[in-house]
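Participant: The residues making up each chain are set out below.
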Amino acid sequence: MNLYLDIFLTFLKIGAFSFGGGYGMIAVIRDSCLSKGWLTEEELINFIAVAESTPGPIAVNMATFVGSSRAGVLGSLLATVGVVLPSFIIILIVAALIKNLLKLAGVQAALEGVRPVVIGLIIATGFTMTLKVIFNVSSLISAVGSFRFDLRSAGILFMLILVAVIWKKFKKKSISPILLIFISAVCGVIFYK
Amino acid sequence: MLFFFIYAIIPPMKNSSYKKIISLFLAFLKTGAFTFGGGYAMIALLEREFVEKKKWIDHDEFVDMVAIAESTPGPIAINAATYIGYTTAGFWGALGSTIAVCIPSFVVIYTISLFFDRFLANVYVAAAFKGIQVCVCYLILSAGIKLLKKMKKEPMQIILFSAAVLAMVCITLFSVRFSSIFLIIIGAITGLSVWLISKALSRKGERR
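In order, the protein sequences belong to chains A and B.
Numbering-wise, the first sequence is residues 1 to 193 according to this note's numbering.
Numbering-wise, the second sequence is residues 1 to 208 according to this note's numbering.
To be clear, the hints were calculated from the coordinates, so they are not data collected in a lab.
What you are looking at is a predicted structure, and each value in this text was computed from that prediction instead of being measured.
Examples of chain A residues toward chain B, derived with CB under 10 Å: (1) V60; (2) V83; (3) L121; (4) M129.
Each residue gets a CB set at the ideal place from its N, CA and C atoms; glycine is no exception.
All chains should be built: construct the whole structure from the sequences, respecting the hints.
Facilitator: Here it is in structure tokens:
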């Protein structure tokens with residue numbers, strides 16, 4: 001298939017099935033882009049960090065980034081339009097024609113089923129990413145023997161948890177993700193350089 | 001019939017709405033440029049702008065909007081822009097707001113993407129990103145745990161949640177090709193079936 005068309009359709013699909021905010025879509029982006037060979041796990045994690053520390057919705061940022069890295073400016077434009085289009089059409093229909101659609105009991109019941117699945121996807125994605133980053137395990141089939149415990153990244157993870165917990169205790173609110181990313185970048189330079 | 005529907009949603013632009021569309025455009029350009037860290041930060045900003053300052057939509061409608069944005073797919077920011085744009089200035093308002101909220105992301109990220117590989121080639125930057133990768137794992141896990149704490153803890157929810165975690169971890173670790181979209185669809189079907197079955201059962205109970 002034409003690469004441009006493929007990018008557009010893939011992000012259209014991602015836009016149509018990403019419930020529950022930015023992190024909910026990471027699982028969907030991950031298996032679409034990894035299986036097509038558009039991204040490696042490491043690139044994906046780097047992109048998430050960039051998307052998180054720049055303004056705007058994570059979904060749009062991810063789409064622009066992947067589109068651009070695969071197929072230049074046209075690719076990024078198509079990916080962005082693709083990821084936004086389903087939302088736009090659905091909200092337009094809801095706002096214009098059937099404002100009460102979402103109050104229907106059946107729709108609510110279906111959403112009750114979607115929510116726990118999405119939460120499960122987020123936690124599973126976080127878990128497998130942690131396995132990859134700290135234990136270098138990305139697959140149990142192809143990577144047998146490449147198990148390697150990375151003490152430095154485990155140390156960074158421990159420190160981040162400590163900082164987040166202490167921050168919450170004294171400031172009475174969660175630490176901002178951007179500050180946490182900044183701290184981890186400093187740790188990275190100290191530990192890995 | 002279809003034409004009628006399209007016309008009902010997309011009427012020709014009225015002259016009087018130009019001003020409103022332009023100020024919607026500017027307001028959403030600003031929101032797009034200054035909201036870090038996802039949808040919920042932006043909701044507070046939107047409320048200040050449109051409910052308190054401009055008074056274009058009232059508080060109740062805003063709460064409805066948030067509920068709609070949360071329960072439809074897609075980024076909350078986009079959903080909110082389309083909804084507020086439509087309710088204040090019709091189709092063209094929705095289009096203008098949605099494009100506006102995307103422009104800052106698009107420009108910033110596109111520019112970064114041009115230099116990202118060269119940027120990563122620097123040894124210090126590469127080391128920093130080694131640390132940042134750990135942070136991304138932490139952020140995703142903590143976002144998931146926060147949502148998990150708020151989730152209803154009824155049998156259906158707990159079963160679906162555990163099944164989704166187990167399925168997704170296995171899919172990833174055994175490199176199975178199975179899209180997570182199917183898991184979401186299975187969740188929706190389960191939710192709907194449980195509701196239908198419990199409704200049928202309670203009706204049967206009433207008849208006795």
